[in-house]
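Chemist: Chain Y is fixed; fit chain V with the ligands onto it per the hints.
Residue numbers (numbering that gives the first Met the number 0), protein chains in the order written: chain Y, 0 to 75; chain V, 0 to 271.
Hints may contain errors.
[As the list claims (entries may be wrong)] With a cut-off of at most 30 Å between alpha-carbon atoms, the simulated DSS-like pairs for lysine-lysine come out as follows: (1) V:Lys201 / Y:Lys4; (2) V:Lys6 / Y:Lys2; (3) V:Lys18 / Y:Lys2; (4) Y:Lys38 / V:Lys18; (5) Y:Lys38 / V:Lys238; (6) Y:Lys2 / Y:Lys71; (7) V:Lys6 / Y:Lys38; (8) V:Lys98 / V:Lys205; (9) V:Lys211 / V:Lys18; (10) V:Lys201 / V:Lys258; (11) V:Lys164 / V:Lys230; (12) V:Lys55 / V:Lys201; (13) V:Lys11 / Y:Lys71; (14) Y:Lys38 / V:Lys11; (15) V:Lys11 / V:Lys201; (16) V:Lys230 / Y:Lys38; (17) Y:Lys33 / V:Lys238; (18) V:Lys11 / Y:Lys2; (19) V:Lys6 / Y:Lys71; (20) V:Lys258 / V:Lys55; (21) V:Lys55 / V:Lys205; (22) Y:Lys33 / V:Lys11; (23) V:Lys211 / V:Lys258; (24) Y:Lys33 / V:Lys230; (25) Y:Lys4 / V:Lys11; (26) V:Lys238 / V:Lys201; (27) V:Lys211 / V:Lys201; (28) Y:Lys33 / V:Lys18; (29) V:Lys6 / Y:Lys33; (30) Y:Lys71 / V:Lys18; (31) V:Lys98 / V:Lys201; (32) Y:Lys71 / V:Lys201; (33) Y:Lys4 / V:Lys18; (34) V:Lys238 / V:Lys205; (35) V:Lys258 / V:Lys98; (36) Y:Lys4 / V:Lys6.
In short, the hints are calculated from the structure, not lab data.
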Amino acid sequence: MAKIKGDIVINVERCKGCEVCLASCPTSVIGMAKEVNSKGYHFAIKVNDTCTGCMNCALVCPDGVITVYRAKVTAE
Amino acid sequence: MEEQFAKLDIRKDENIVYKRTPLLVDRPLSYCPGCGHGTVHRMLMETLEEMDIQDKTIGISPVGCSVLAYDFLNIDMLGAAHGRAPALATAIKRMWPDKFVFTYQGDGDLAAIGTAETIHACNRGENFVIIFINNGIYGMTGGQMAPTTLPGMRSSTSPYGRDEKTMGHPLRMTELVAQLPGTYFVTRQAVHTPNHVRRTKKALRKAFENQKLNVGISFIEVVSNCNSGWKMTPVNSNKWMEDNMFPYYPLGDIKVDGKIVEPKAVTAKAGE
Ligand SMILES: Cc1ncc(C[n+]2csc(CCOP(=O)(O)OP(=O)(O)O)c2C)c(N)n1
Ligand code: SF4
Ligand code: SF4
Ligand code: SF4
Ligand SMILES: [Mg+2]
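The shape of chain Y in the complex, shown without the other chains (with noise of 0.2 Å):
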């Protein structure tokens, strides 16, 4: 059967730990780095697998740093 896949890729050195993305997102994928970038920030991360590609979060994610992908996969 197919199914639709998704993944996002955080550019983390552009973001700002505004968490705006956090609640946008429909499955929880995303979180905060205990870690920071150069900047000082505590940059978005994902936490799970789940992401379903619906491009909720680079909406709406004030820097532009999110990029998503997402495709049909045959699952096994």
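Modeler: Relative to the frame of chain Y, chain V with the ligands by itself:
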């Protein structure tokens, strides 16, 4: 770390469904974390990209936090003196009627020092787009009270809250310009949730399409946050905006195709 959840099998260029538009210059935005200015910039540039008018568009940046918009928006731009963007846009559009022209202005810029320029450009029915970022405060200069500051709202120049008796009432510029025959499309939007971001982009598209028709001003207010000026976290500022700004500045179209729309009583809420 996070890479343990990477789905490398689908991380291929042909599977990209969303990425930052190349019409935004590849450099960090100067805005505070969580500030809506960045989201509006991105939706604006996506609109120009989709209409394929990057080389035909001239923008006017204001004085305010978005004074540096020309550093981020990869199009021809001019910076206007505080509040004078609609006057400059008038001159540019009249000289180059085939160009797409817009102003990008904050509430201090558009509704305080630039009130006259705004109203007269709208009243003359100039043919450009006005993008108005209303965060109810002078963000850039340290959070002073603006004409748009809400009753009771604290700012650095109204530390006990805005008192309407002595400081006047919040100015709804958008409802005001909708009354003028020179405006063709007037709407109020937001960019703090995915659906609101989509609606703002739709409004931008309509506004820029209107310029092809030469029918007057398209005016888009975006009610936005100033988490630094409001002294809140970005997420809390978005919640505060929903609870306090939206009742006073209700979202939705106010005038479409030159006709006033019947006002809707309800305001959109979070996640909607
Ligand atoms: C003629 C003039 N008067 C005053 C100022 C100071 N000033 C700079 S930005 C600003 C207000 C900006 O507020 P707003 O337009 O709401 O933009 P925001 O920073 O909130 O996006 C003021 C009063 C100035 N630069 N020039
Ligand atoms: S694309 Fe959708 S599901 Fe995936 S992380 Fe972003 S908001 Fe969550
Ligand atoms: S919205 Fe963007 S800048 Fe803010 S935490 Fe998420 S990824 Fe980082
Ligand atoms: S001061 Fe306010 S308006 Fe200016 S960048 Fe910061 S949050 Fe945005
Ligand atoms: Mg402001």
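Chemist: Against which earlier hints does the structure fall short, listed by number upward?
Modeler: Result: no hint breaks.
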